[in-house]
Amino acid sequence: MTAITGVGAYAPRFRITAEAFEEAWGQFHAAGISEKAVPAADEDALTMGYEAATRALEAAAVAPSSVDWLAFASSRPPAAEEDLTARLGAMLALDESTTRQLFTGSTRAGTRALWACTDAIGADATAGLVVAADAPKGDPDDGVDHAAGAGAAAFVLERDGPAEIVDRAEYATPYPGTRFRNTGEDETQGLGVTQYDRAAFTETIGGAVDGLETEPDPDAVAIQAPDGKLPYRAAGAAGVGTDEIQAAAMVHELGDLGAASVPVSLASALADGYESILAVAHGSGAGADALMVDADGAVPAQTALEGDATLSYAEYLRQRGVVTTGPPSGGGAYVSVPSWRRSIPQRYRLEAGRCPDCGALSFPPEGACTDCGSLVEYEPVELPGTGTVEAVTTISQGGAPPEFAEQQARTGDYAAAIVALEDEAGTESVSISAMGTDAAPEEFAVGERIETTIRRVYTQEGVTRYGFKVRPAE
Amino acid sequence: MRDAYLVGAGQSDYGAFPEESYRSLFRTAFEAATESVPNGIDGEEIDEAFVGHLGVGGRQLGLSGPAVTEHVGLGGVPCTRVENACAASGFAVRQAVQAVKSGMADVVLAGGFEVMSDTSSDATKYWLGVSGETEWERLSGTTFSGVYAQMASVHMERYGTTREQLSRVAVKNHANGAKNPHAQLGFECSLEDAESAPVVADPLNLYHCCPTSDGAACALIVSEDVVEKYTSDPIRIAGVGAGSDNVGLFQRDTYTGVPASQRAGEQAYEMAGVEPDDLDFAEVHDCFAIAELLAYEDLGFCERGEAGDLIESGETELGGGLPVNTSGGLKSKGHPIGATGAGQIVEAFKQLSGKAGDRQVENPTRGLTHNVGGSGGAAVVHVFEKVQEVSA
Chain A
1 MTAITGVGAY APRFRITAEA FEEAWGQFHA AGISEKAVPA ADEDALTMGY EAATRALEAA
61 AVAPSSVDWL AFASSRPPAA EEDLTARLGA MLALDESTTR QLFTGSTRAG TRALWACTDA
121 IGADATAGLV VAADAPKGDP DDGVDHAAGA GAAAFVLERD GPAEIVDRAE YATPYPGTRF
181 RNTGEDETQG LGVTQYDRAA FTETIGGAVD GLETEPDPDA VAIQAPDGKL PYRAAGAAGV
241 GTDEIQAAAM VHELGDLGAA SVPVSLASAL ADGYESILAV AHGSGAGADA LMVDADGAVP
301 AQTALEGDAT LSYAEYLRQR GVVTTGPPSG GGAYVSVPSW RRSIPQRYRL EAGRCPDCGA
361 LSFPPEGACT DCGSLVEYEP VELPGTGTVE AVTTISQGGA PPEFAEQQAR TGDYAAAIVA
421 LEDEAGTESV SISAMGTDAA PEEFAVGERI ETTIRRVYTQ EGVTRYGFKV RPAE
Chain B
1 MRDAYLVGAG QSDYGAFPEE SYRSLFRTAF EAATESVPNG IDGEEIDEAF VGHLGVGGRQ
61 LGLSGPAVTE HVGLGGVPCT RVENACAASG FAVRQAVQAV KSGMADVVLA GGFEVMSDTS
121 SDATKYWLGV SGETEWERLS GTTFSGVYAQ MASVHMERYG TTREQLSRVA VKNHANGAKN
181 PHAQLGFECS LEDAESAPVV ADPLNLYHCC PTSDGAACAL IVSEDVVEKY TSDPIRIAGV
241 GAGSDNVGLF QRDTYTGVPA SQRAGEQAYE MAGVEPDDLD FAEVHDCFAI AELLAYEDLG
301 FCERGEAGDL IESGETELGG GLPVNTSGGL KSKGHPIGAT GAGQIVEAFK QLSGKAGDRQ
361 VENPTRGLTH NVGGSGGAAV VHVFEKVQEV SA
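So the sequences go chain by chain: A and B.
Everything in the first sequence is counted per the working numbering, starting at 1 for the first residue and increasing by one.
Everything in the second sequence is counted per the working numbering, starting at 1 for the first residue and increasing by one.
Bound-form chain B, shown alone (with noise of 0.2 Å):
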């Protein structure tokens, strides 16, 4: 099979958007991405387009790819909507580097878009939560919070995790999110303000969970045949991996992980023939603080169990070992559900093109992006990886 390489990716800020569309923040982003390849691109070079969309809000519930992709003058490319609830995004940047792969398409645009800040309070609690297990797991009253804080409560009753724990990934990932200008809460905060917050679902307090968000993010992706007409510096889609399981958390083995984050990260890892070790950085979903420290273990950053020494370690952090969400994370950063999957490539393409700004990483040449959909129904795990030269 053909390799595929990631040669732009851009994204609209985060945040609520009033004067905006879902169109004009997806063309937002799908400029970014164009002008972000280093040789630049014409849209009429683009074969395939892949756009994830959970829907919240119900505007454009039918066709929302093409809504996107005609507006930004795409008009007769082939589009499919993507929808894997949080991990939308991140699922059509798969369906990207299969279509290259397979020889069926050299040029494809992947992105996403959601739109969450422009209904009514009453009418938005109506969407939170919509990707859970509806019958048995919302009817007993959690939205994901809640369905997050009793993974929390096990992980911490057998693991000895701290609430303070769950702050330091907030604390981190605000102190990168303040670096970022795309982020929606681009402040820092201090431990005491992340222990301090009200309660959402215990033990989760508000900071330990991220906000709603508009926004829009693409990525380009091509096949090896065509990359160096795009750049000199390729970044290869090195690993590819994805995963799915019982969308309700009760019918699930574990509670304390997220098997089709392991599966997907196993996957991924084993093509791309590297281990947790060789990653110089990754974007993880960390829609609850709880969510960031499994994936480290789902993952392998850690052992299972000792996410929260990792955590506590500094490892994690802008200038350690292995620094995780320099973006600022769907916490700081934002979670326009649909759109989070490429946005975190957008950070992965960032930091490999050397251009994270005051949050870069010294010299990457490896990251990893991983994003999970509700509560660990679905997962899907990319690692990029800078290369000297194409091999065809």
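Same shape as in the complex, but just chain A (with noise of 0.2 Å):
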């Protein structure tokens, strides 16, 4: 049997509201989103991902070194080819070795990576971890991106747990043109013709039930929700009810999740304590996994899915890009993408280093000791990712290098701090610089304390570049 050990969920801490919407456009066009959540200018599939994994992590209590199976999910990931999981999985510090599967191309993604680690787990598998992540994005007046809203799922996956995966089934059909993105374009799109998609939903839905061994009797229900009404149409098909669906149903605050609707759902049922749950995703082409969960006891849960900043629309725009211009063109200072990659435990893990003379910290850990000027070879030492501003600026229009003039335009002021992060003992630290996320400039004042994350720092020459930054501690 495969059983959820650990539940972990992310959202962005914007939201727009509908009402934002009526007033931009006269007339919202995602029924039953009361609003939704919105990435920050610095977070995609991948961060929002890292985010719900090392959440699902610490919540089952399992060591990244002993995940010996990985799945990253999303029907948006921010790079079309290029396996973002080794990314992630250095990101989570898994082993090399660990089995990496990317799912993406529908909707579906997060149920087909559950799916897929359900098997492995069957097989030789122990401890799998699923991430589903997604913020899907259309043309800013079509539905599609009305309804798009952001956020991540994850669930570490065993042999023997508290919530087991007792039944599931699938079903596909072809459904053409429902919800679709071409090759090369970058805003999903769907022909709008409102019986043949609700259609793909409800008999896509209705199949994969129909498939399950047993008739379900859930007392929550994780249906795929495109936006605030479609899963309560497909209610008959599954054989549910609304109150149900309404229980888990995360579409009305969180807006659209795409592959990580169902999934975010499901972890905060879980979370919730509902002990059977149904999860059902749609994908277009079409076609839907059903997946029936019984949990006795509680599950852990780590969830991170509350809002506290609310944009207008044209923060909105901002925000997701779609009135900036891109970096400029230029040259000068410059880090290659080998220099960058050389730095990826220190970006992405906090890798310094001890000096063996003096037992100083030294980040990056290469080098003479700032400490005692010996030239010396470091003991690795990796930081929790704790500590506290030492000096601070907020840079304002003008005052970014270039690297960050698409970031400002699109977030607006942002806090750019000297800290000094702490080793795990707390009794020592080492001070880097770093950006300020996730807060307003003004949060991080000189002693504040703080708390690393991973976002994009920056895209050049096409190839993001993802590492650490600094927000308040939670």
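Treat the hints as calculated values from the structure; they're not laboratory data.
The beta-carbon is built from N, C-alpha and C at its ideal position, and this holds for glycine as well.
Some hints could be false.
Said to hold, decoys possible - According to the in silico footprint, chain A covers these stretches of chain B (three or more CB under 8 Å from chain A):
(1) 149-161
(2) 191-201
(3) 239-249
(4) 295-302
To be verified - Distance ranges between label pairs, derived from CB positions:
(5) B:E270 / A:P338: 53 to 59 Å
(6) A:D357 / B:E306: 33 to 39 Å
(7) B:E266 / A:D371: 21 to 27 Å
(8) B:K355 / A:G447: 16 to 22 Å
(9) B:M1 / A:R342: 40 to 46 Å
(10) A:G447 / B:D253: 15 to 21 Å
As the list claims (entries may be wrong) - Examples of chain A residues lying across from chain B (beta carbon under 8 Å, computed):
(11) G273
(12) V335
(13) S336
(14) S374
(15) P402
(16) V457
Assembling the complex is the task here: the two chains are given apart, and the hints tell you how they should meet.
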């Protein structure tokens, strides 16, 4: 049997309301959504996936090194070609030999990953990590974009645990054109043939649920939610009540989470203590997965799904890069991708060095010890990512290096700090420059406590570089 | 070791000059320097040249020294380009002094140049901050305004330094620059102007930041053996000091001082056998308002933490006990990176020669110049002294 032993979920802090869309457009094309989550300019499916995955691993109390199977699922991975599970695995400190799978192509990718992990645990994997993250995007005047939210969920799966996947079935039949994005396109679209779209949705969902061995009688249903109304229209086909759908619905507050829609609902239902949960995902094409999860007892969960800042529609367009022009061309200061790669242990996992002569920490761990000046080989020390602001500024328009001009056009002013990061014992620290994220710049005053996370740092030559930033400590 | 003397110095105007090339600017500075030598000098008498240049824009990154010395007719003269960011030509002067003191040369040209205004604003941005620590400091989202703002944040937190005190640096330096015909921003500004400017990197606003500039400056350094040929009012380079440090601020021991400046200052005072009290004026590296305040403390003009009080007291204004940046400083006169250090020495030469016009300090005998690379990765200090008689 395969069981969920830890759950993590994450949504960005920004929200925009249906009213803001109505004000901008005269109408809002996403029924049943009152507000939705908006990814910050330095977030994407990979960074949101990292946020959810670190929480799931911590909840499950599973050491990253013992994870032997990893899946990353998104309908919009930040790169159309290039396997991001290598970077995700490194961010999470998984072993290089961990099996990695990438799932994409439709909003069903999240449950496809859960499905594959169930198979893997049924075979010879012992600890699987499924990460589903998404932030759909459409044309600004299209319903897909009005509904588009952002979020991620992650699950640790092992052979035994409090929440077992007891039954599953799938179903697929061709329904082209309901939701698609051709190669080279950035906006997801649909033909908008209302009855046809509903038929695709209900037939596949009904087909998958019908395929279950036991007729489900769930107390919560995590069902695909491209908007806030469609899930309820599928209640009949899925043979469930609307109350059970509402019990796990996240779409009303977070919007359409794409491939993370069902995973985030499932995560939230598990975190809320529901004991019998039906998870049914639909993906265009069309197909559906139905998974039945029985939980006896609490499933360890860490979720961060609350919003703390509401955007205007203009700010929404800026954050999403709809009305900005991209980075300036030019040359001068430059860090090559190979140089960046050499710093990945520091960028992702805060690998510092301890001087064997004087015991002081160095970051990055290279060159002569900044304390005693000895030219040494450092002992690697992984820092836990907590510390204090030592010096700080708020960078305003015009004060940013051009690598960050696009980000600043999108986010506005940001904090740039020097922070003292502590070691595990909390007795020693080492100073490093770091950009602030996840909070207004004024929250990074000298002396404030911070923690690190991983975000997009900048994109140059088409390659996005990820690395740690700091935010106020939770 | 032989003594070295400053016998001439001159500069181009600082500003934005679309009609000028880096070579034509250097020629203007070279001619101004040679013409300033009291008894005259011929290019053929120059044994060696050191030229400071960062390379903003990338137009002649390699061999940029010979590219300008050959242009002014010094073909064949050994020339070395010196790169130490904003301290490039301060270090070029130090190289010149070393060449003279060692006995390898009798007459040395030390200069610098930079052209920063002829590229698009996008391209210019790529060059701003290139002398910061690139991989970590820059990629945390800072150029130098951000790094100096970080220093200011700690200085304010620890010592109670205020935004108004930062603004007073701008007011003072603009008042001086308004009296300098070479200044790029040669206008006065009120305290209100300086306090209400748009924020660049909090707490620093536009008036707390120097401009980007085109310009060139040159100095002529000669040995005690030949100085009498060029002048009867010799200016001795009494003290030279230099220091370096981690390029990134985050790697340094302190954020509220520039250790390289402290080391450079101590060395220069020791060599000259003087103390800060013995100075009649100083040109310090005020790329940002906080940098001038840090310099007051690093160079011993006041105790640590008291720079805010010092600027407020008026002591460093023209007419005060120790006028600082009578030229207008980087803030008002301008900051063509590679030229800045040599340009400070032009002001020292003018003050000690009594040719500083409306901004003349009364009968000065001793002045200091202080030139910093980046946020303090390198610093160089010179002490100049008018002498009655050349000691041989």
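Results of checking the hints against the structure:
no., hint, in the structure
1, 149-161, "holds (count 7)"
2, 191-201, "holds (count 4)"
3, 239-249, "holds (count 3)"
4, 295-302, "violated (count 0)"
5, B:E270 / A:P338: 53 to 59 Å, "violated, 45 Å"
6, A:D357 / B:E306: 33 to 39 Å, "holds, 37 Å"
7, B:E266 / A:D371: 21 to 27 Å, "holds, 22 Å"
8, B:K355 / A:G447: 16 to 22 Å, "violated, 50 Å"
9, B:M1 / A:R342: 40 to 46 Å, "holds, 45 Å"
10, A:G447 / B:D253: 15 to 21 Å, "holds, 19 Å"
11, G273, "violated, 42 Å"
12, V335, "holds, 6 Å"
13, S336, "violated, 10 Å"
14, S374, "violated, 15 Å"
15, P402, "holds, 4 Å"
16, V457, "holds, 6 Å"
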